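> Chain by chain, the residues run as shown.
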Amino acid sequence: MSYTPDRSLYPATRPDGTLDIDLTSGKYLKLWQGPQHPGITGNMSVELTVCGDEVVEGKTHVGYLHRGFEKLMERRTFIQVFPIVCRVCVPEPDFNEYCYAAAVEELAGIEAPERARWIRTLILEMGRINSYMMYLGGQSGAFGLGVIGQWTTYVRDLMLDRFEELTGARIYHMFILPGGVRDGLPEGFEGRMEETLREIERTLKDVEEVMFRNAVFKKRAIGLGYIDPALMDTYGVTGPNARAGGVAKDVRKDQPYLVYPELDFEPVMGTDSDCYARADVRRRDVQVSVDLIRQILAKMPHDGPVMAKLPNVLHWKIPRGETYIRGECSRGEYGYYLVTDGSGYPRRINVRGPSYTHAMALLERLIVNVNISDVAGLMVSLHTYPPEIER
Amino acid sequence: MKPELMKRMVKGPDGQEFEVEPLRDYYCEAAPTVMPAAYIKIVEDFFNWARSESIWILGFGTGCGAIEMRPLMTPRFDAYRYGVQWRPTPRQSNLFIISGYLSVKTLKRAIRSYEQMQSPKYVIGLGSCTINGGMYWDSYNTIKRLDDYLPVDLYIAGCMPRPEALLAGFMDMKKIIRAGNAEGANKYAENFDWYKANQKQVIHDWDMPDYNW
Amino acid sequence: MRELHQRLKSLFPLGELTEQRPDLGFVTVPAEYLRPLLLQLSDREGFTHLVLLTAVDWIEDGQFQLTYLLSNRGAARDLGVRVMIPRPANGLATMDGIHDIWPTAATYQRELREMFGIDFPGSPRVDEEFILEGWIDKPPYRRDFDTKKFSEENFNHRPGRETRDPEQYMKQQLYPDGK
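Sequence order for the protein chains is A, B and C.
Under this note's numbering, the final residue of the first sequence carries the number 392; numbering is consecutive throughout.
Under this note's numbering, the final residue of the second sequence carries the number 537; numbering is consecutive throughout.
Under this note's numbering, the final residue of the third sequence carries the number 191; numbering is consecutive throughout.
No lab work stands behind these hints: they were computed from the structure.
Note that this is a predicted model, so its numbers are computed, not measured.
All residues carry an ideal CB built from backbone N, CA and C; glycine is no exception.
Don't take every hint at face value.
[Said to hold, decoys possible] Distance windows between CB atoms, simulated:
(1) A:I223 to B:I366: 55 to 63 Å
(2) B:A361 to A:Q288: 35 to 43 Å
(3) A:V148 to C:E140: 51 to 59 Å
(4) B:L347 to C:H17: 55 to 63 Å
(5) A:R295 to C:E140: 47 to 55 Å
(6) C:Y187 to A:Q288: 52 to 60 Å
(7) B:E341 to A:Y227: 42 to 50 Å
[To be verified] Under the rule of at most 30 Å between Cα atoms (straight-line distance), these lysine-lysine pairs were calculated in the DSS-like manner:
(8) B:K511 to A:K60
(9) A:K28 to A:K220
(10) A:K300 to A:K206
(11) A:K300 to A:K254
(12) B:K520 to A:K31
(13) B:K524 to A:K31
(14) C:K160 to B:K524
(15) C:K183 to A:K318
(16) A:K31 to B:K326
(17) B:K499 to B:K511
(18) A:K28 to B:K524
(19) B:K524 to C:K161
(20) A:K318 to C:K160
(21) A:K318 to C:K161
(22) B:K520 to C:K161
(23) A:K206 to A:K219
(24) A:K31 to A:K60
(25) C:K160 to B:K520
(26) B:K520 to B:K331
(27) B:K331 to A:K31
[To be verified] Stretches of chain A that chain C covers, calculated by requiring three or more beta carbons in the stretch to come under 8 Å of a beta carbon on chain C:
(28) 294 to 301
(29) 336 to 344
Isolated chain A (complex conformation) (with noise of 0.2 Å):
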């Protein structure tokens, strides 16, 4: 049986390319997702059209986070910006603390010791997995798959309780800092590690055997926001997302930082570039960290200093530059843009979330033609959070 669609339906294109729809012909409807909404990523809002139950239209509104941090940092000195750097990025907070920290580092001229980048490679590993437990679930629940998000949930907490042993904190946990990071590993830390690590991984054999083989999971995700691999790169599209389509895009491999070029790993790959080979890319990632998690706690250092030597932190100036550094956090490549002009104050610093490109612009040429139920899976498919966006 085959099923051509009524093309008479659909809204023709202007010259310009927008679509042509005329909202008093009564074919169309305006539909707004979020942000009061429980099938949105957060705090942001889609302004469908949609024609019977599908969308011929999608606009990505954001700003509902807006905290003016790139406006706030430019008025505090180098070391009042760690704190709210953090707070960017709400579900892994690490990578903004890591990219301001070597960013800041790189300016000034300080090198951060052995010891430090070794528990800071540690803190970014797990604050990956907190993050994908975090869209295992919401993924999950999407499709209405309620149970696994509470799995993943319970093993997302068992990891923050590894994060307030080493920190003090369990979401904003402000460890690294320009130099290195606060502190060493606290005692008996590797031993309750591996136990955390045994449930993620006995977690992840139950999702995968009741979220990947569910039938109603595959025939929902399957097929569902597929990305051109060709247009990968036109679009942004980094991390993940990418690597699902066959794009080996991964800054831990092609531009090392920190100690992973003495770590053994290998970008997970898909090939079908839809919703289900993102999540199961994301799930095979967590085996990753973990295996990662492992190698970082047999070979790293346990003895030496953990902070370089800071200047007078009142009276801090840094000469005039500008860097960009980057990683690999879950979703794809976060950057900080800094610019510095010899005062004590960063002229600009720019925050490069990989859900800027992959909400926006991605998101709205993919949601063309999805069902409305889908657009929840779709998006969260595509791991986006908003207040990265908006800053």
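Mind docking chains B and C on chain A? Use the hints.
Only chains B and C this time, still in chain A's reference frame:
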């Protein structure tokens, strides 16, 4: 004001033209009224007991505090055992947790969501940024005092508060409701003009009716 | 990086190359040569990924610096292209858009239009509100916009917040007897 909200002529399906003024036609203009207590104290106490045992939260994550909601819904902290649960729509919920800073753009949506909730309704301000601006005290886009714009019953301090703090907050909220002190909705109705004046002072493009039922 | 700069310099009037790291360089180009340079970089040199587009406000010089950061993943290196455009004290600066080369640039251009007041005529949805709603002041990321003053004038503050000068406060804490 957006063009679709302006007064205009519309042609109906039967060819007849008529005038539409969306802000007046699509919304009810009546302002909120104070809800009197039940006629006898024991009945009112019974109502308050029932209300305190069924706190239904509006699932609207307005800020970073929303990240601690997920652990609360799941087995580790499990707020459901206290009669607390999350609802997707304002019509079904009676507790609005403002989870963190409110940017001016979100404040507008939060007001609409709050006004659509059924009375009696309660508001919890979560995080330091709802109390005095917190980290964002000098930001140009976030409000600094939540209680100027919505009637807040309870604040939970912290940046961000732990799930245990939220659970303790729910317990305190229950005590307040059971004692009959959670009069936020009535306060809002009584001081309606004051709240509206405050809201319009920061929302410069006010393009909605004064009260959204 | 050096030979790439030499190669490009024979085609375009480029400024000096600032080598920040072996894999990251910055170069300045006049605004009218930006488009051919970006096309050359993306089509011939493999810089296919637009990492970010942002602006820096050099208010002392009366200039905006636009930074187009491009990445070549195969060669693992990045090139930042700087363009200096005049900065009018009031009103909009203007620049040509690059949204037809990278569709994602349209989002960056919307942000710059709103936050810096740099207009990109013809860019999709560039005049719509992007992040702010009902904004009444000058574009907030400009250096002459004072966020603290704006916040004090526009929002009600709860009394009781203490602000201390970090230097004086540290002195008091560490040397209470004033030595």
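> All the hints need checking, so say for each whether the structure fits it.
Going through the hints against the structure:
| no. | hint | verdict |
| --- | --- | --- |
| 1 | A:I223 to B:I366: 55 to 63 Å | holds, 60 Å |
| 2 | B:A361 to A:Q288: 35 to 43 Å | violated, 59 Å |
| 3 | A:V148 to C:E140: 51 to 59 Å | violated, 41 Å |
| 4 | B:L347 to C:H17: 55 to 63 Å | holds, 59 Å |
| 5 | A:R295 to C:E140: 47 to 55 Å | holds, 49 Å |
| 6 | C:Y187 to A:Q288: 52 to 60 Å | holds, 54 Å |
| 7 | B:E341 to A:Y227: 42 to 50 Å | holds, 45 Å |
| 8 | B:K511 to A:K60 | violated, 38 Å |
| 9 | A:K28 to A:K220 | holds, 29 Å |
| 10 | A:K300 to A:K206 | holds, 27 Å |
| 11 | A:K300 to A:K254 | holds, 19 Å |
| 12 | B:K520 to A:K31 | holds, 29 Å |
| 13 | B:K524 to A:K31 | holds, 27 Å |
| 14 | C:K160 to B:K524 | holds, 21 Å |
| 15 | C:K183 to A:K318 | holds, 19 Å |
| 16 | A:K31 to B:K326 | holds, 15 Å |
| 17 | B:K499 to B:K511 | holds, 19 Å |
| 18 | A:K28 to B:K524 | violated, 36 Å |
| 19 | B:K524 to C:K161 | holds, 20 Å |
| 20 | A:K318 to C:K160 | holds, 23 Å |
| 21 | A:K318 to C:K161 | holds, 25 Å |
| 22 | B:K520 to C:K161 | holds, 24 Å |
| 23 | A:K206 to A:K219 | holds, 17 Å |
| 24 | A:K31 to A:K60 | holds, 11 Å |
| 25 | C:K160 to B:K520 | holds, 25 Å |
| 26 | B:K520 to B:K331 | holds, 23 Å |
| 27 | B:K331 to A:K31 | holds, 19 Å |
| 28 | 294 to 301 | violated (count 0) |
| 29 | 336 to 344 | holds (count 3) |
Figure legend: structure checked against the earlier numbered hints; hints not met, in rising order: 2, 3, 8, 18 and 28.
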